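Please build the complex by placing chain B on the supplied structure of chain A, with the hints as guidance.
Protein chains: 2
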Amino acid sequence: MKFSLLSTDQKARRGELQLARGTVATPAFMPVGTSGTVKALSPEEVRQTGADILLGNTFHLMIQPGTEVIDLHNGLHGFMNWHRPILTDSGGFQVWSLQDLRRLEEKGVTFRSPLDGRQIFMGPEESMSIQSALDSDIVMTFDECTHYPVTHEQAADSMQRSVRWASRCVESYHGNGTLFGIVQGGVFEELRIQSLEQTMEIGFKGYALGGLSVGEPKEDMLRILSEIAHRMPADCPRYLMGVGTPSDLVNGVRHGIDMFDCVLPTRNARNGWLYTQKGIVKIKHNRYRLDSKPLDSQCGCYTCTHYSRSYLRHLFQKNEILGLRLCSLHNLHYYQNLMKRIRNAIESRTFEDFADSFHEDYPKN
Amino acid sequence: MKFSLLSTDQKARRGELQLARGTVATPAFMPVGTSGTVKALSPEEVRQTGADILLGNTFHLMIQPGTEVIDLHNGLHGFMNWHRPILTDSGGFQVWSLQDLRRLEEKGVTFRSPLDGRQIFMGPEESMSIQSALDSDIVMTFDECTHYPVTHEQAADSMQRSVRWASRCVESYHGNGTLFGIVQGGVFEELRIQSLEQTMEIGFKGYALGGLSVGEPKEDMLRILSEIAHRMPADCPRYLMGVGTPSDLVNGVRHGIDMFDCVLPTRNARNGWLYTQKGIVKIKHNRYRLDSKPLDSQCGCYTCTHYSRSYLRHLFQKNEILGLRLCSLHNLHYYQNLMKRIRNAIESRTFEDFADSFHEDYPKN
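Chains A and B supply the protein sequences, listed in that same order. If you're matching positions, the first sequence starts at 2 in our numbering and goes up one per residue. If you're matching positions, the second sequence starts at 2 in our numbering and goes up one per residue.
Read the hints as simulated data drawn from the structure, not as lab findings. Remember, predicted model here, so these are calculated numbers, not experimental data. Wrong hints could be hidden among the right ones.
You can't tell identical chains apart in this list, so a pair holds if it fits in one copy or across any two.
[To be verified] In silico lysine to aspartate or glutamate, DMTMM-like type, Cα no more than 25 Å apart, as pairs: (1) 285 <-> 117; (2) 319 <-> 69; (3) 279 <-> 354; (4) 294 <-> 46; (5) 12 <-> 202; (6) 283 <-> 117; (7) 12 <-> 221; (8) 12 <-> 236; (9) 319 <-> 72; (10) 283 <-> 69; (11) 319 <-> 46; (12) 294 <-> 362; (13) 283 <-> 46.
Here chain A stands alone, though its shape is the one from the complex (with noise of 0.2 Å):
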């Protein structure tokens, strides 16, 4: 993996992740593919967006279809029919979010498979070989997700476990992919400032801010991205993991971050919440049944360009699956666009312009 950056502004930065499968212009967004496909579409339509990578899930694709049927196709790649970089999570945070369901020690987790009740363990090795199998390009650590709220005690606590984890994950990672480093912290600055360092002492090729819009205020997100996200190296990719809206993403962006995923896009399609240039329109309402306009009209989109909001709402009303597909291809093409207005922005050194009249202009959200 090689990463460049061409240019920056202010510290909103502009870069290239050169990796064996492909190049991804950063500040990047990965669709979510949980399970082996990112939902309602086809890898085909999903580059189509603009997308250069995608992020698949380790925990789930461990209980489903397991490793031995991504083994048989030589990794997710062959598997799902994406022939361009992978990153996945290391499965901490799906194991983290199952609570009572699951006993956390230094070795790792065990927890109950959701699927038929098994007891499975979880610890850095294993999440190490499974990403191996997955032949991932971009390996995440396997980390302990603060909660929130914890105490400053507990937050300490979580927070040296990931960092002595990720120890074991380096020596224990000797995939094809890169490892990337993980960041906790919770809310408190000077744990993400020491969980920082630490990580950095391990030595990875890249770093992600974990643990973040986990149910804190977003105040305390930008608090913290706005504290760290500058401390992190400047000559490897910083990923804001699971973060955001549109908006999330210009303030990532503003402060410094090159990589987001999010699941916000196509799950909001499936709900008929659908990302223009002027808003959420919630396409199953009512007032659109005789509207005849495109979706967005600034949109270029297949969806836009061949479909009215009146046949997108009748989908909806009719629970067409052409409907999940047509909006899931619309939003994830709204946040690729996203990312290429802020990349041109960068390199035109009008990025913060961009920001501010992109903030002026979106309803919150």
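Below, chain B without anything else, positioned relative to chain A:
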């Protein structure tokens, strides 16, 4: 509309149906786009499977989104982004299926909307008016589908009403499409012959066999088909409505049928029943968990050239939309490819051999 016979092989016919919006190679299979979409597929994908013409359902479209919405898009083609020919049924079959929820009189049928319970009246004139609003290329007369089983007297009464309604359709239809007459009469040959004669007397540019595959034994359908199809005007297209399985299509062509429609390929696809050269594959079965072969190694469709059985099974296990898409695409491709093989066999005057070997190789379904 212009219909030309290009070649024949015994009763089987290879023809061409020229319509303002495009030419249809016959024998043709029409995918069903019930509510303004062939379920799970885009119009471009449907076209790529080889379809020249779609079927739309007047009843479903009248209920939702209603003609006001379709009018706004200047017809069904613009609404659903399919700019080739569309045949619409009359709504008669669906109204008839409502059974106890409708009241049948000479003027037409009064029924309650399955959507909101409001009372709706539909007779020949209403059906013609809706099909005009849809701007259908081929318009079906509003008929009464004869139940199975019924007495000879009931079948005769029902058939005679359909004939009277057919005359009213001719009088009231003033759209741009071509009107087809429908032969009824249940499983009674002489009623079928009588219906055909009276329908021909009214005079249509195309003739359909209706009221088959409605619960009668397969032998009865084949008997009516073999007795009636070849008596239908040779210079007009012959359409067997709502039929059927792959072997039904081969049998239909053998008796001189030119057009078919059926929900089987798409409905079965969504249930994981997939057509292959070697019969039906039930893809959800555990035996395909570690099967890295394509669904049908002889098939050239997108699904078979890009994905494994193991992946398709995984998508069904996870209820992923992409699974419904890939399997719908494959099944329609199978049907269209079957029609292509049928057309080639007629052209080379080897249809009987083709039909025999098809029935030998293909498992009963």
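Now the hints, each set against the structure:
no.	hint	in the structure
1	285 <-> 117	between (36 Å within a copy, 17 Å between copies)
2	319 <-> 69	between (38 Å within a copy, 17 Å between copies)
3	279 <-> 354	within (18 Å within a copy, 62 Å between copies)
4	294 <-> 46	both (23 Å within a copy, 24 Å between copies)
5	12 <-> 202	within (23 Å within a copy, 82 Å between copies)
6	283 <-> 117	between (37 Å within a copy, 23 Å between copies)
7	12 <-> 221	within (19 Å within a copy, 78 Å between copies)
8	12 <-> 236	within (13 Å within a copy, 76 Å between copies)
9	319 <-> 72	between (39 Å within a copy, 19 Å between copies)
10	283 <-> 69	between (41 Å within a copy, 21 Å between copies)
11	319 <-> 46	both (23 Å within a copy, 20 Å between copies)
12	294 <-> 362	within (21 Å within a copy, 51 Å between copies)
13	283 <-> 46	within (23 Å within a copy, 27 Å between copies)
In summary, this structure violates none of the numbered hints.
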